[in-house]
Amino acid sequence: MITAARNKAKRAYARPNPDYVVDYSDEVTVEQAEKLTQYVRKEFERGNWVTVEQDS
Amino acid sequence: MGLHYFDISTLPRRYDIAWCRFPLDGNDAPGIKLRPVLVRATKRDTESGRSAVVVSYGTSNLKLGRRDRVDLVIQNATQLNRLNLPMATRFDLDIMSIAPWCSEFFAVPNHAESIVTGSLNDEQIARFKTKLKRRETLKQMAEA
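Those sequence lines, one after another, are chains A and B.
For the first sequence, my numbering assigns the number 1 to the initial residue and increments by one for each residue that follows.
For the second sequence, my numbering assigns the number 1001 to the initial residue and increments by one for each residue that follows.
None of these hints come from the bench; they were simulated from the model.
Here a beta-carbon is modelled for each residue, glycine too, at the ideal position from N, C-alpha and C.
Be aware that a few hints might be false.
[Stated by the list, open to error] Heads up, incomplete: computed chain B residues facing chain A, CB under 8 Å, no partners named:
1) 1027
2) 1032
3) 1040
4) 1060
5) 1109
[What the hints assert, rightly or not] Dumping the calculated EDC-like pairs for lysine to aspartate or glutamate here, alpha-carbon to alpha-carbon at most 20 Å:
6) B:1033 to A:45
7) B:1063 to A:27
8) B:1033 to B:1113
9) B:1133 to A:53
10) B:1043 to A:45
[What the hints assert, rightly or not] Which chain B residues stay away from chain A? Per the calculated CB distances, all over 10 Å, these:
11) 1065
12) 1080
13) 1098
14) 1127
Hey, can you work out the whole structure from these sequences and the hints?
Right, here's the structure in full:
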């Protein structure tokens, strides 16, 4: 039932970019994740961020 | 940074599978590799149209027998097809990241028509929750 409610029409945001490749053979490391955190840190320092949904 | 945020109406839902440009490249900018991520939470900025997703990363490095007890593994061919995952995938629940919901970080993979390619079904959600509980139990045992 939950799944049924969540099934929506496909949401297309853009066309595929041929420059991108699907490659996820490597595991993500903590160091890589930390780099992302540092990269986007400023985005979350301004504004009023609230949670919409989260793990229950 | 000048990120190009998607409209908040397109924000994925919890338990959706989306495609993320990760890891960052040598210049610490989003790279050309796309990997599936499991959306675990979503956030929005009430003062702007910006939004973000909290994700766990997928890998085709399954590590069966070692990690499948604590990570979510999807390898059933029907389910892989339904979620538009091109190969068996383990979502590593160790690491979570928050990423802006923007075109710099999320893109449509060549084999699909949208960034969000599916949602976990009820059985998978239940399995995901079981993994989280097992992790909590193991953590408590380790601390005892």
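Going down the list of hints, with the structure as the test:
Look at residue 1027 (chain B): its Cβ only gets to about 10 Å from chain A, farther than 8 Å, so that hint breaks. About 5 Å separates the beta-carbon of residue 1032 (chain B) from the nearest beta-carbon of chain A, less than 8 Å, and the hint is met. For residue 1040 (chain B), the shortest C-beta to C-beta distance to chain A is roughly 5 Å, which falls under 8 Å, so the interface hint holds. Annotation: interface hint on residue 1060 (chain B) holds; nearest CB of chain A at approximately 5 Å, less than 8 Å.
Annotation: interface hint on residue 1109 (chain B) holds; nearest CB of chain A at approximately 5 Å, less than 8 Å. Annotation: proposed proximity of residue 1033 (chain B) to residue 45 (chain A) is violated, straight-line Cα distance about 27 Å (limit 20 Å). A hinted pair counts as satisfied when its Cα atoms are at most 20 Å apart, and residue 1063 (chain B) with residue 27 (chain A) qualifies at roughly 10 Å. At most 20 Å may separate the alpha-carbon atoms for a hinted pair to count; residue 1033 (chain B) and residue 1113 (chain B) meet this at roughly 17 Å.
Straight-line distance between C-alpha atoms of residue 1133 (chain B) and residue 53 (chain A) comes to about 19 Å, which keeps the hinted pair within the 20 Å bound. For the proposed pair residue 1043 (chain B) and residue 45 (chain A), the alpha carbon gap of about 14 Å is at most 20 Å, so the pair holds. For residue 1065 (chain B), the non-interface assignment is confirmed: its Cβ lies about 16 Å from the closest Cβ of chain A, beyond the 10 Å cut-off. Non-interface call for residue 1080 (chain B) relative to chain A: holds, since the shortest CB-CB distance, roughly 13 Å, exceeds 10 Å.
Distance check on residue 1098 (chain B): its Cβ comes as close as 7 Å (rounded) to a Cβ of chain A, failing to clear the 10 Å threshold; non-interface status is violated. Against the 10 Å criterion, residue 1127 (chain B) stays outside the reach of chain A, whose nearest CB is about 13 Å from its own CB.
Comparing the model with each earlier hint shows violations of hints 1, 6, 13; every other hint is respected.
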